[in-house]
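**Q** What follows is each chain in one-letter form.
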Amino acid sequence: DAGVIQSPRHEVTEMGQEVTLRCKPISGHNSLFWYRQTMMRGLELLIYFNNNVPIDDSGMPEDRFSAKMPNASFSTLKIQPSEPRDSAVYFCASSLLQGTHEQYFGPGTRLTVT
Amino acid sequence: GQQLNQSPQSMFIQEGEDVSMNCTSSSIFNTWLWYKQDPGEGPVLLIALYKAGELTSNGRLTAQFGITRKDSFLNISASIPSDVGIYFCAGLGRKTSYDKVIFGPGTSLSVIP
Chain D
346 DAGVIQSPRH
356 EVTEMGQEVT
366 LRCKPISGHN
376 SLFWYRQTMM
386 RGLELLIYFN
396 NNVPIDDSGM
406 PEDRFSAKMP
416 NASFSTLKIQ
426 PSEPRDSAVY
436 FCASSLLQGT
446 HEQYFGPGTR
456 LTVT
Chain W
249 GQQLNQSPQS
259 MFIQEGEDVS
269 MNCTSSSIFN
279 TWLWYKQDPG
289 EGPVLLIALY
299 KAGELTSNGR
309 LTAQFGITRK
319 DSFLNISASI
329 PSDVGIYFCA
339 GLGRKTSYDK
349 VIFGPGTSLS
359 VIP
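Line by line, the protein sequences are chains D and W. Numbering-wise, the first sequence is residues 346 to 459 according to my numbering. Numbering-wise, the second sequence is residues 249 to 361 according to my numbering.
Simulated from the structure, these hints should not be mistaken for laboratory data. Here the structure is a predicted model, which means the values were calculated and not measured. Don't take each hint at face value.
One side of the interface only, derived from the structure: several residues of chain W facing chain D at Cβ under 10 Å [stated by the list, open to error]:
#1 279
#2 281
#3 290
#4 321
#5 329
#6 333
#7 348
#8 349
#9 351
#10 352
#11 353
#12 354
#13 357
Capping the alpha-carbon separation at 20 Å, the derived lysine to any residue pairs in SDA-like fashion look like this [said to hold, decoys possible]:
#14 423/D / 356/D
#15 348/W / 279/W
#16 348/W / 401/D
#17 348/W / 376/D
#18 369/D / 279/W
#19 348/W / 386/D
#20 348/W / 356/D
#21 348/W / 449/D
#22 348/W / 412/D
#23 348/W / 423/D
#24 369/D / 384/D
#25 348/W / 395/D
#26 318/W / 404/D
#27 299/W / 279/W
#28 348/W / 404/D
Each pair of labels, with its calculated beta carbon distance range [said to hold, decoys possible]:
#29 258/W / 372/D: 35 to 41 Å
#30 292/W / 416/D: 35 to 41 Å
#31 373/D / 307/W: 23 to 29 Å
#32 348/D / 299/W: 33 to 39 Å
#33 307/W / 389/D: 39 to 45 Å
#34 372/D / 263/W: 36 to 42 Å
#35 358/W / 423/D: 34 to 40 Å
#36 413/D / 308/W: 24 to 30 Å
#37 260/W / 398/D: 41 to 47 Å
#38 329/W / 348/D: 42 to 48 Å
#39 329/W / 372/D: 31 to 37 Å
Even glycine gets a Cβ: it sits at the ideal position worked out from N, Cα and C.
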């Protein structure tokens, strides 16, 4: 069974450009999470969806960040315009909300904004 | 807000040694999760704990859910080079209308062959 799939694995872009990160959760999971990981701040929860509905977006840094989940098998995290301080590894994770709350992570997207 | 502390922050051990690390909080958690992250990869779930006092093993790994519900421990026996990585604890607490998983800052483990 495929795990969480993220694309691209690496993204290098110039400041001011729009960046879109993609995630396909594990089939049957009804919760999806976007995290950002940096050396300074560790693993930070950006936004959490349950049944495709955003439940908690308090971790989204600012209006330049937006996330969508148009259906149960796809989510995007968009940064527009991007800034050098957005450089980080972005992880998507999914879980079954009802039950164990065990989250399964994708391989991450390493974003570099120059 | 709810926060988790992990200690030690980093460890350097000889291959074959046993390892102990812990995770503490000032808040009560209902579930504890332990993850390992290899370089360049996403965190992978190692062990999940659901009841206070619970002791669970996964191969050479053993984790315990503290009786106070405010801490958890992870032990690795007879370490090997592939144990290298960052170990994160995560706790499931209560935030308003839903349960939120909080991650600790991680313990970095280095194993010297």
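**Q** Could you run down the list of hints and mark each one as holding or not?
**A** Structure-based check of each hint:
Here the hint on residue 279/W is kept, as its CB sits about 6 Å from the closest CB of chain D, short of 10 Å. Of the supplied interface hints, the one on residue 281/W holds, with its beta-carbon coming within about 6 Å of a beta-carbon of chain D, less than 10 Å. Restraint check, residue 290/W versus chain D: the minimum CB separation of about 3 Å is within 10 Å; hint holds. Interface restraint check for residue 321/W: the shortest CB-CB distance to chain D comes to about 19 Å, outside 10 Å, so the restraint is violated.
Checking residue 329/W against chain D: minimum C-beta separation of about 22 Å lies over 10 Å; hint violated. Using the Cβ-Cβ criterion of 10 Å, the hint placing residue 333/W at the interface with chain D is not satisfied: the shortest such distance is roughly 13 Å. The beta carbon of residue 348/W is positioned within 10 Å of a beta carbon in chain D (closest approach about 7 Å), and the interface hint is therefore held. The restraint placing residue 349/W at the interface with chain D holds, with a minimum CB-CB distance near 6 Å, inside the 10 Å limit.
Restraint check, residue 351/W versus chain D: the minimum CB separation of about 5 Å is within 10 Å; hint holds. Taking 10 Å as the C-beta contact cut-off toward chain D, the hint placing residue 352/W at the interface holds, the least distance being around 8 Å. The interface hint given for residue 353/W is met, as the beta carbon of that residue sits about 5 Å from the closest beta carbon of chain D, less than 10 Å. At its closest, the beta carbon of residue 354/W sits 7 Å from a beta carbon of chain D; the interface hint therefore holds under the 10 Å criterion.
Taking 10 Å as the C-beta cut-off, the interface hint given for residue 357/W is violated, the closest approach to chain D being about 16 Å. About 13 Å separates the Cα atoms of residue 423/D and residue 356/D, which keeps this hinted pair within 20 Å; it holds. Annotation: proposed proximity of residue 348/W to residue 279/W holds, straight-line Cα distance about 10 Å (limit 20 Å). For the suggested pair residue 348/W and residue 401/D, the alpha carbons sit about 10 Å apart, so the restraint of at most 20 Å is met.
Taken as a hint, the residue 348/W and residue 376/D pair is honoured in the structure, with Cα atoms around 12 Å apart against an allowance of 20 Å. Using a Cα cut-off of 20 Å, the hinted pair residue 369/D and residue 279/W is violated, with the two alpha carbons roughly 26 Å apart. Our distance criterion of 20 Å between C-alpha atoms is met by residue 348/W and residue 386/D, whose separation comes to about 18 Å. A threshold of 20 Å between alpha carbons decides the hint, and for residue 348/W with residue 356/D the separation of about 29 Å lies outside it, so the pair is violated.
Proximity of residue 348/W to residue 449/D is assessed by CA-CA distance (about 15 Å); at most 20 Å being required, the pair is judged to hold. At roughly 19 Å between alpha-carbon atoms, residue 348/W and residue 412/D fall within 20 Å of each other, so this suggested pair holds. With a CA separation close to 23 Å, the supplied pair residue 348/W and residue 423/D exceeds the 20 Å bound. Straight-line distance between C-alpha atoms of residue 369/D and residue 384/D comes to about 26 Å, which puts the hinted pair past the 20 Å bound.
For the proposed pair residue 348/W and residue 395/D, the alpha carbon gap of about 12 Å is at most 20 Å, so the pair holds. Restraint check for residue 318/W and residue 404/D: not satisfied, since their Cα atoms lie roughly 24 Å apart, outside the 20 Å limit. Under the criterion of a C-alpha separation no larger than 20 Å, the hint pairing residue 299/W with residue 279/W is consistent with the structure, at around 7 Å. A distance of roughly 12 Å separates the Cα atoms of residue 348/W and residue 404/D; the hinted pair therefore holds under the 20 Å criterion.
Checked against the given bound of 35 to 41 Å, the beta carbons of residue 258/W and residue 372/D, roughly 37 Å apart, stay inside it. Distance hint for residue 292/W and residue 416/D: a CB-CB separation of about 26 Å, inconsistent with the stated range 35 to 41 Å. For the pair residue 373/D and residue 307/W, the supplied restraint of 23 to 29 Å holds, since their beta-carbon distance comes to about 27 Å. Distance hint for residue 348/D and residue 299/W: a CB-CB separation of about 27 Å, inconsistent with the stated range 33 to 39 Å.
In this structure the hint that residue 307/W and residue 389/D lie 39 to 45 Å apart at CB is violated, the actual value being about 30 Å. Roughly 39 Å separates the CB atoms of residue 372/D and residue 263/W, a value that falls within the hinted 36 to 42 Å. At roughly 37 Å, the beta carbons of residue 358/W and residue 423/D sit within the given window of 34 to 40 Å. Between residue 413/D and residue 308/W, the C-beta spacing of about 42 Å breaks the proposed range 24 to 30 Å.
The hinted range of 41 to 47 Å is satisfied by residue 260/W and residue 398/D, whose Cβ atoms lie roughly 45 Å apart. Between residue 329/W and residue 348/D the beta carbons are some 24 Å apart, a value that contradicts the proposed interval 42 to 48 Å. Under the hint 31 to 37 Å, the C-beta atoms of residue 329/W and residue 372/D, about 34 Å apart, fit the expected range.
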